[in-house]
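Number of protein chains: 2
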Amino acid sequence: MTKIVIVGGVAGGASAAARARRLSEDAEIIMFERGEFVSFANCGLPYHIGGDIKERSKLLLQTPESFLARFNVDVRTMNEVISINREEKSVTVRSMLDGSEYTENYDFLLISPGAAPVVPPIPGVDNPLTHSLRNIPDMDKILHTIEMNNVEHATVVGGGFIGLEMMEAFHQRGIKTTLLELADQVMTPVDKEMAGFAHAEIRSHGVDLRLSTALSAVEYVPEAHIASEDSGEDAAHQHIHGHLDLTLSNGDTLKTDILIMAVGVRPEIKLAQEAGLKIGELGGIWTNSSMQTSDPAIYAVGDAIEEADFVTGDATLVPLAGPANRQGRMAADNMLGRNETYQGTQGTAICKIFDLAVASTGKNEKQLKREGTNYEKVYVHTASHASYYPGAEIVSFKMLFDPQSGKIFGAQAVGKDGVDKRIDVMAVAQRASMTVEQLQHLELTYAPPYGSAKDVINQAAFVASNIMKGDATAIHFDEIENLSEDQVLLDVRNPGELENMGYIEGALNIPVDQLRNRMNELPKDKEIVIYCAVGLRGNVAYRQLVNNGYMARNLIGGFRTYKFAKA
Amino acid sequence: MTKIVIVGGVAGGASAAARARRLSEDAEIIMFERGEFVSFANCGLPYHIGGDIKERSKLLLQTPESFLARFNVDVRTMNEVISINREEKSVTVRSMLDGSEYTENYDFLLISPGAAPVVPPIPGVDNPLTHSLRNIPDMDKILHTIEMNNVEHATVVGGGFIGLEMMEAFHQRGIKTTLLELADQVMTPVDKEMAGFAHAEIRSHGVDLRLSTALSAVEYVPEAHIASEDSGEDAAHQHIHGHLDLTLSNGDTLKTDILIMAVGVRPEIKLAQEAGLKIGELGGIWTNSSMQTSDPAIYAVGDAIEEADFVTGDATLVPLAGPANRQGRMAADNMLGRNETYQGTQGTAICKIFDLAVASTGKNEKQLKREGTNYEKVYVHTASHASYYPGAEIVSFKMLFDPQSGKIFGAQAVGKDGVDKRIDVMAVAQRASMTVEQLQHLELTYAPPYGSAKDVINQAAFVASNIMKGDATAIHFDEIENLSEDQVLLDVRNPGELENMGYIEGALNIPVDQLRNRMNELPKDKEIVIYCAVGLRGNVAYRQLVNNGYMARNLIGGFRTYKFAKA
Numbered sequence: 001m002t003k004i005v006i007v008g009g010v011a012g013g014a015s016a017a018a019r020a021r022r023l024s025e026d027a028e029i030i031m032f033e034r035g036e037f038v039s040f041a042n043c044g045l046p047y048h049i050g051g052d053i054k055e056r057s058k059l060l061l062q063t064p065e066s067f068l069a070r071f072n073v074d075v076r077t078m079n080e081v082i083s084i085n086r087e088e089k090s091v092t093v094r095s096m097l098d099g100s101e102y103t104e105n106y107d108f109l110l111i112s113p114g115a116a117p118v119v120p121p122i123p124g125v126d127n128p129l130t131h132s133l134r135n136i137p138d139m140d141k142i143l144h145t146i147e148m149n150n151v152e153h154a155t156v157v158g159g160g161f162i163g164l165e166m167m168e169a170f171h172q173r174g175i176k177t178t179l180l181e182l183a184d185q186v187m188t189p190v191d192k193e194m195a196g197f198a199h200a201e202i203r204s205h206g207v208d209l210r211l212s213t214a215l216s217a218v219e220y221v222p223e224a225h226i227a228s229e230d231s232g233e234d235a236a237h238q239h240i241h242g243h244l245d246l247t248l249s250n251g252d253t254l255k256t257d258i259l260i261m262a263v264g265v266r267p268e269i270k271l272a273q274e275a276g277l278k279i280g281e282l283g284g285i286w287t288n289s290s291m292q293t294s295d296p297a298i299y300a301v302g303d304a305i306e307e308a309d310f311v312t313g314d315a316t317l318v319p320l321a322g323p324a325n326r327q328g329r330m331a332a333d334n335m336l337g338r339n340e341t342y343q344g345t346q347g348t349a350i351c352k353i354f355d356l357a358v359a360s361t362g363k364n365e366k367q368l369k370r371e372g373t374n375y376e377k378v379y380v381h382t383a384s385h386a387s388y389y390p391g392a393e394i395v396s397f398k399m400l401f402d403p404q405s406g407k408i409f410g411a412q413a414v415g416k417d418g419v420d421k422r423i424d425v426m427a428v429a430q431r432a433s434m435t436v437e438q439l440q441h442l443e444l445t446y447a448p449p450y451g452s453a454k455d456v457i458n459q460a461a462f463v464a465s466n467i468m469k470g471d472a473t474a475i476h477f478d479e480i481e482n483l484s485e486d487q488v489l490l491d492v493r494n495p496g497e498l499e500n501m502g503y504i505e506g507a508l509n510i511p512v513d514q515l516r517n518r519m520n521e522l523p524k525d526k527e528i529v530i531y532c533a534v535g536l537r538g539n540v541a542y543r544q545l546v547n548n549g550y551m552a553r554n555l556i557g558g559f560r561t562y563k564f565a566k567a
Numbered sequence: 001m002t003k004i005v006i007v008g009g010v011a012g013g014a015s016a017a018a019r020a021r022r023l024s025e026d027a028e029i030i031m032f033e034r035g036e037f038v039s040f041a042n043c044g045l046p047y048h049i050g051g052d053i054k055e056r057s058k059l060l061l062q063t064p065e066s067f068l069a070r071f072n073v074d075v076r077t078m079n080e081v082i083s084i085n086r087e088e089k090s091v092t093v094r095s096m097l098d099g100s101e102y103t104e105n106y107d108f109l110l111i112s113p114g115a116a117p118v119v120p121p122i123p124g125v126d127n128p129l130t131h132s133l134r135n136i137p138d139m140d141k142i143l144h145t146i147e148m149n150n151v152e153h154a155t156v157v158g159g160g161f162i163g164l165e166m167m168e169a170f171h172q173r174g175i176k177t178t179l180l181e182l183a184d185q186v187m188t189p190v191d192k193e194m195a196g197f198a199h200a201e202i203r204s205h206g207v208d209l210r211l212s213t214a215l216s217a218v219e220y221v222p223e224a225h226i227a228s229e230d231s232g233e234d235a236a237h238q239h240i241h242g243h244l245d246l247t248l249s250n251g252d253t254l255k256t257d258i259l260i261m262a263v264g265v266r267p268e269i270k271l272a273q274e275a276g277l278k279i280g281e282l283g284g285i286w287t288n289s290s291m292q293t294s295d296p297a298i299y300a301v302g303d304a305i306e307e308a309d310f311v312t313g314d315a316t317l318v319p320l321a322g323p324a325n326r327q328g329r330m331a332a333d334n335m336l337g338r339n340e341t342y343q344g345t346q347g348t349a350i351c352k353i354f355d356l357a358v359a360s361t362g363k364n365e366k367q368l369k370r371e372g373t374n375y376e377k378v379y380v381h382t383a384s385h386a387s388y389y390p391g392a393e394i395v396s397f398k399m400l401f402d403p404q405s406g407k408i409f410g411a412q413a414v415g416k417d418g419v420d421k422r423i424d425v426m427a428v429a430q431r432a433s434m435t436v437e438q439l440q441h442l443e444l445t446y447a448p449p450y451g452s453a454k455d456v457i458n459q460a461a462f463v464a465s466n467i468m469k470g471d472a473t474a475i476h477f478d479e480i481e482n483l484s485e486d487q488v489l490l491d492v493r494n495p496g497e498l499e500n501m502g503y504i505e506g507a508l509n510i511p512v513d514q515l516r517n518r519m520n521e522l523p524k525d526k527e528i529v530i531y532c533a534v535g536l537r538g539n540v541a542y543r544q545l546v547n548n549g550y551m552a553r554n555l556i557g558g559f560r561t562y563k564f565a566k567a
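As given, the protein sequences belong to chains G and Z, one line each in that order. Going by the UniProt record's numbering, the letters in the first sequence line up with residues 1 to 567, in that order. Going by the UniProt record's numbering, the letters in the second sequence line up with residues 1 to 567, in that order.
Keep in mind that the hints were calculated from the coordinates and are not lab data. Since we're looking at a predicted model, the values are computed, not measured. Accuracy of the hints is not assured; some may be wrong.
Unchecked claim - Calculated lysine to aspartate or glutamate pairs in the EDC-like style (CA-CA distance at most 20 Å, straight line): (1) Z:Lys278 / Z:Asp314; (2) Z:Lys524 / G:Asp26; (3) Z:Lys469 / G:Asp333; (4) G:Lys454 / Z:Asp333; (5) Z:Lys89 / Z:Glu104; (6) G:Lys454 / Z:Glu340.
Can you build the whole structure from these sequences, using the hints too?
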């Protein structure tokens with residue numbers, strides 16, 4: 001009889017427990033959780049705060065009782081594993097209820113402790129109005145503060161998934177919100193020019209977005225303001241906690257009623273480290289592809305571990321639910337004698353930002369640059385489904401690839417419809433080692449309500465293949481500001497579009513449909529840098545000019561990419 | 001200077017013309033179209049009839065003038081190519097306006113004549129109230145009949161894409177509609193049990209769906225009913241065309257005001273056949289993978305040709321817009337000296353049926369059976385995104401695969417949300433030759449509004465892998481009616497579910513969470529056939545029983561698959 005002890009009862013741990021029981025009826029399975037709850041919907045927490053998920057109970061997917069009934073797993077909440085005794089294969093457990101300690105031996109130990117929110121040592125940050133969001137008690141505290149402090153202004157520090165979701169939650173409750181982000185963009189999995197669409201969306205909802213701005217100091221000003229009903233104040237308008245005076249890195253100050261710290265998470269490695277398990281260079285628990293730590297009897301999964309990056313094979317930290325769940329299942333397989341190997345993590349991710357979805361898979365351009373990888377990129381902006389059918393929205397799509405081999409490095413998409421689908425297509429294609437040329441042949445669902453005969457992905461692949469074959473010479477948005485005297489900027493849109501949408505200073509304007517007759521207005525001894533709205537007409541113009549002996553380049557993604565890069 | 005002549009100015013032809021011009025500025029390109037319109041949105045026609053697409057002009061994507069301005073293509077509408085003179089490399093053209101004839105020579109000829117609606121020789125079918133729908137004039141005639149005949153009841157023959165879309169268009173206009181289908185299911189690309197969801201959806205909207213029913217005879221009864229306003233009839237209520245008396249294959253009769261024949265299409269091969277080009281066994285124009293016909297100077301693309309099936313390599317007829325567009329682009333490449341090869345057609349397709357999407361890619365089970373292929377299948381029914389986040393809908397998903405190699409044969413999905421995405425994922429995975437085991441590792445976008453940590457596709461792959469590894473023994477819905485005396489049917493749902501959802505006659509009921517304690521109620525010498533709602537709890541019960549020495553099988557897809565197979 002195999003005895004499996006699991007530390008942590010959320011995504012990875014709970015998946016492992018259920019799988020282990022399905023594989024073996026006679027294994028003894030004990031799952032320790034230091035918190036009160038197991039298997040709760042941690043990704044749903046911001047949506048309950050914002051009100052989308054009305055009932056708190058919907059977040060509680062399983063209870064110790066339901067786990068016992070269905071999977072015969074001995075779930076011990078409020079029990080914290082405080083040390084691992086590897087030699088005798090046991091753990092020491094402390095009951096959070098009465099402080100008592102006891103040991104439990106194991107044949108296999110699975111640690112799935114997760115990652116904890118990082119709270120930088122900012123002066124004054126430790127106060128009753130400042131919260132992080134990791135679990136149900138955190139959520140309850142935030143909701144309590146919102147109510148008790150009658151919050152009218154909230155500040156969120158950090159523009160990652162949780163920061164963005166909390167920003168939206170506050171906004172949805174009618175609370176004025178400031179979002180501070182140290183970097184020059186939110187949502188770092190995508191590149192800055194793609195984040196520009198998110199910046200515009202966030203600002204259009206009245207959120208006070210401050211990029212390249214850090215929080216320097218916090219001062220907690222307690223108040224015990226009791227509403228004076230005699231002077232006309234509403235009885236509900238009473239603050240019993242006070243407010244915070246924030247000082248920002250640029251010297252600005254800000255008064256706020258609640259502060260959420262969401263700058264990132266750090267793997268919880270204390271238990272593993274103290275037990276002498278190998279810790280990786282990035283600070284996560286080291287595992288091999290079987291999810292085994294440096295001790296073969298101890299497995300680890302989820303946000304606490306380092307795993308292999310799918311593209312490079314290097315170690316990476318990916319605190320996401322999908323990998324955690326699949327790793328937990330796989331660790332159970334291996335503890336019970338199977339031989340499953342983890343296939344690496346692409347980091348496929350998506351975030352809802354008001355009406356927009358922002359998503360990515362694989363490597364972004366910042367990473368490729370940092371690693372010195374030779375890459376090319378394309379942008380397309382095209383309708384999520386047939387544009388003549390109601391409800392079509394523009395999908396803005398970026399694809400990164402190896403211009404020699406056509407290997408897919410990564411993809412990013414932003415838009416109000418069909419974004420998840422396009423990134424899923426790319427995540428599959430990348431995992432299957434397809435090349436960008438092969439993406440031309442993808443045969444995706446098409447009917448007017450769902451897609452286009454030439455889908456976003458087909459179109460991006462056409463552009464990429466054109467570049468690889470030399471049928472197109474690309475220029476990118478970040479090169480436009482530095483044109484030389486040997487280059488002429490040509491806008492091939494219709495004059496009305498320049499007026500309505502804006503244009504790039506200094507451009508000539510010849511609409512593409514007049515170009516054949518007006519080509520002689522252009523110099524043959526300079527390079528014509530063409531742009532249109534999204535790059536499509538630019539390509540038609542480019543082909544005309546080049547086939548007539550001109551030197552030319554086409555702005556990939558057109559004016560739309562250029563414009564939102566500045567947003 | 002290369003001279004390219006194109007026959008047919010819609011999807012394949014128009015794509016080829018535009019691509020040819022982008023490749024070559026000095027090629028002479030002439031595009032003949034016997035109709036009045038080029039490059040119109042043929043997939044949008046039913047949606048204009050139904051009112052979703054309000055403006056007819058939205059369907060007209062290009063005009064001869066716009067084609068000339070942008071692509072310098074000589075577009076000749078109302079000009080029909082009536083013969084090909086291969087030896088002298090010329091075509092004979094007849095003007096539809098004045099009947100004059102002339103010839104035009106070519107270096108390369110591309111034929112893209114499409115496919116014509118099949119109208120079976122049913123007695124009386126040729127009458128003013130019976131229409132097919134292929135192009136703008138057909139659409140205009142249908143709209144004209146609806147208005148002039150004050151249509152209150154419509155009959156559609158054929159439950160394929162166009163038939164279903166026309167059914168919905170009529171329903172949306174408030175017209176009572178009957179849909180006749182000769183087969184025992186609509187939407188033949190999916191299998192009957194998956195079409196069951198569509199049948200239920202169609203009937204829930206009050207459409208009179210008659211399966212396994214053919215149209216035998218039509219009688220046109222002209223009327224000239226003028227509304228008698230004196231007797232209280234509305235002035236608008238006047239019929240000037242009459243009605244149709246339909247006789248059905250089962251002897252029933254039906255009175256209707258308009259009849260749409262949508263039983264299928266047939267490749268237009270007359271021109272090719274008369275020119276002596278090779279016609280394939282399925283009745284389409286034969287082409288090689290370069291889109292070349294048996295005459296190397298003549299290319300053919302689109303609905304008129306036979307192409308290679310992606311899965312089997314056999315010839316297939318796939319009248320869909322996506323392949324036509326990509327083939328047209330590729331034919332242009334090859335006419336201008338490139339060397340592109342078509343990679344086969346999976347037949348990826350989707351149809352909107354009221355609130356439901358029905359989609360598929362690759363081979364269906366009917367085809368696999370017909371070809372004698374050894375296959376296995378799985379069904380999952382799972383939420384389109386995190387079930388605790390608002391708006392989640394069940395995706396019903398079927399996957400067909402080789403139980404030895406794990407090769408993907410095909411996939412089908414039905415539901416109100418996220419159906420296109422799942423079939424796109426499968427279309428990519430199939431094209432990339434992934435196995436069902438590899439699908440377990442797919443890392444798809446997950447945040448509560450978009451997906452689940454274990455997506456529909458991951459879950460289907462888990463079930464398939466369990467079967468392949470022997471961790472699950474499947475039984476399918478169509479075997480349930482024929483259980484032997486050595487089998488015991490066990491329903492592991494909660495009693496309330498049996499009451500609300502129905503159950504299979506003769507089943508024992510032990511809820512899964514009580515099974516460990518009540519296992520002794522089950523016989524060890526019989527096979528326990530387990531089912532639950534969708535197969536998930538059934539698998540938990542299956543594992544318990546088998547690990548305790550019972551013989552068991554689990555109904556894949558659970559009661560939901562069983563129930564809708566009868567719909």
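Query raised in the report: Does the alpha-carbon distance linking Z:Lys524 and G:Asp26 stay inside the 20 Å limit?
Result: Since the Cα atoms of Z:Lys524 and G:Asp26 sit roughly 18 Å apart, the hinted pair holds (cutoff 20 Å).
Report task. Below or equal to 20 Å on CA atoms is what counts here, so check Z:Lys89 against Z:Glu104. Result -> holds (9 Å)
Requested in this report: Starting from G:Lys454, check that the Cα of Z:Asp333 is at most 20 Å away, please.
Outcome: Holds - the C-alpha atoms of Z:Asp333 and G:Lys454 are around 17 Å apart, at most 20 Å.
Query raised in the report: Are the Cα atoms of Z:Lys278 and Z:Asp314 separated by 20 Å or less?
Result: The hint holds at about 16 Å.
Query - Satisfaction of hint between Z:Glu340 and G:Lys454, Cα-Cα up to 20 Å - result: holds (17 Å)
Report task. Would you check the hint for Z:Lys469 and G:Asp333, treating anything up to 20 Å between C-alpha atoms as holding? Result -> Measuring from Cα to Cα gives roughly 12 Å; hence the hint holds.
This entry satisfies every hint, going by the numbered hints stated previously.
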